[in-house]
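Enquirer: Work out the full structure: start from the sequences and follow the hints.
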Amino acid sequence: MATIRIPTPLRPYAAGNKEVKVAGNTVEAALDSLTTTYPDLRQHLFEGDQLRSFVNLYLNQEDIRYLDGAQTSLAENDTLMIIPSIAGGASAI
Amino acid sequence: MLTLTQSLLNEIEAHGVASYPYEGCGLLLGESTGEQNTVQAIFPVENRWEVEDEKRERFYIAAEDMLRAEMAAMAAGREVIGVFHSHPDHEPVASPRDLAWAAWVGYSYLITAVRQARPGESRSWQLRPDRTGFDEEEIVVQ
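Residue numbers (the numbering used here), protein chains in the order written: chain A, 5 to 97; chain B, 1147 to 1288.
Since the hints were made in silico from the structure, they are not lab data.
Please note that the accuracy of each hint is not assured.
Said to hold, decoys possible - Just so you have them, the derived chain A footprint on chain B, three or more residues with Cβ under 8 Å:
1. 1151 to 1161
2. 1208 to 1217
3. 1248 to 1254
Said to hold, decoys possible - Below, in silico cross-link-like pairs of lysine to any residue (SDA-like), each with a Cα-Cα straight-line distance of 25 Å or less:
4. A/Lys22 x B/Phe1189
5. A/Lys25 x B/Gln1262
6. A/Lys22 x B/Arg1214
7. A/Lys25 x B/Gly1180
8. A/Lys25 x B/Ala1222
9. A/Lys22 x B/Thr1179
10. A/Lys25 x B/Ala1221
11. A/Lys22 x B/Met1217
12. A/Lys22 x B/Gln1182
13. A/Lys22 x B/Ala1208
14. A/Lys22 x B/Ala1164
15. A/Lys25 x B/Arg1261
16. A/Lys22 x B/Arg1202
17. A/Lys22 x B/Glu1181
18. A/Lys22 x B/Ala1209
19. A/Lys25 x B/Arg1274
20. A/Lys22 x B/Val1251
21. A/Lys22 x B/Met1147
22. A/Lys25 x B/Leu1213
23. A/Lys25 x B/Gly1223
24. A/Lys25 x B/Val1251
25. A/Lys22 x B/Ala1222
26. A/Lys22 x B/Thr1184
27. A/Lys25 x B/Ala1209
28. A/Lys22 x B/Arg1274
29. A/Lys22 x B/Arg1264
30. A/Lys22 x B/Asp1276
31. A/Lys25 x B/Thr1179
32. A/Lys22 x B/Met1220
33. A/Lys22 x B/Gly1180
34. A/Lys22 x B/Ala1218
35. A/Lys22 x B/Glu1177
A quick note: this is a predicted structure, and the numbers were derived from the prediction, not measured.
All residues carry an ideal CB built from backbone N, CA and C; glycine is no exception.
Expert: What follows is the structure, given as structure tokens:
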């Protein structure tokens, strides 16, 4: 099973776990597994059926956008990290 | 509540001043109990907003920089607990733009005003769980 590392602020929504072992052979299946086990995580990661725009996924420190995206294959000892990008600024939009 | 030392606050202010007239930004590393975020180190990053002149009012922390911060935090036995950025010649109040492009609930969003290249007030904000706004949190400087 691959491992997903949970961002610090989201650990309360994953029973306090830093890392979670997940079933699934692809990134998409692993996220489904994660949010099925911990449904409270879903609202923080997804907006509707889509990952929130600031959420990025790194497989063994490589951006999955440069692999096969959500269909990227996962192997037994892979580690998936959930990494946000952040923006903002002083004035109103 | 956000807790940090005067020395770390000085570092954050200095980064804001060095970035002036553009917004400066970075990550807060430390530990979190849920109720309290304690800063133990900062991880300044480049403001990667693409349009140079718009950096006066905008910042962007790219995922690859965030990944570097996460790896540095892990190596030091710390966590990424929040974000800091400066508001050049603006109040240190979380803006609609800060809200629209915020990341996790539970992070501390520390904003430092920089006025005419001098450090001003810092205030810290927590994103509401329903992402409808920010609430101010107390800053404790030790």
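Enquirer: Quick one, are A/Lys22 and B/Thr1179 close enough, alpha carbons at most 25 Å?
Expert: Holds, at roughly 13 Å.
Enquirer: Is the straight-line distance between the alpha-carbon of A/Lys25 and that of B/Arg1261 25 Å or less?
Expert: Given pair A/Lys25, B/Arg1261 is violated - Cα atoms ~48 Å apart, limit 25 Å.
Enquirer: Check the hint pairing A/Lys22 with B/Gly1180 against an upper bound of 25 Å on the C-alpha distance.
Expert: Between A/Lys22 and B/Gly1180 the Cα gap is close to 14 Å, so the pair holds against 25 Å.
Enquirer: A/Lys25 and B/Val1251 were given as a pair; does the straight-line alpha-carbon distance stay at or below 25 Å?
Expert: OK: A/Lys25 and B/Val1251 at ~23 Å, within 25 Å.
Enquirer: Taking 25 Å as the top limit, are the C-alpha atoms of A/Lys22 and B/Val1251 close enough?
Expert: holds (16 Å)
Enquirer: Is the hinted pair A/Lys25 and B/Gln1262 satisfied, with a Cα-Cα distance of at most 25 Å?
Expert: violated (51 Å)
Enquirer: Taking 25 Å as the top limit, are the C-alpha atoms of A/Lys25 and B/Thr1179 close enough?
Expert: holds (23 Å)
Enquirer: Would you check the hint for A/Lys22 and B/Asp1276, treating anything up to 25 Å between C-alpha atoms as holding?
Expert: The given pair, whose Cα atoms are some 23 Å apart, holds under the 25 Å limit.
Enquirer: Compare the distance between the alpha carbons of A/Lys22 and B/Met1147 with 25 Å, and conclude whether the hinted pair is satisfied.
Expert: Roughly 22 Å separates the two Cα atoms, so the pair holds.
Enquirer: Does the alpha-carbon distance linking A/Lys22 and B/Gln1182 stay inside the 25 Å limit?
Expert: holds (18 Å)
Enquirer: Has the region 1208 to 1217 of chain B got at least three residues whose CB is nearer than 8 Å to a CB belonging to chain A?
Expert: That given contact holds, which follows from 7 residues of the region 1208 to 1217 of chain B lying within Cβ reach (below 8 Å) of chain A.
Enquirer: Can the restraint linking A/Lys22 and B/Glu1181 be considered satisfied, given a maximum Cα separation of 25 Å?
Expert: holds (18 Å)
Checked against the numbered hints given earlier, this structure breaks hints 1, 5, 14, 15, 16, 19, 29; the rest are met.
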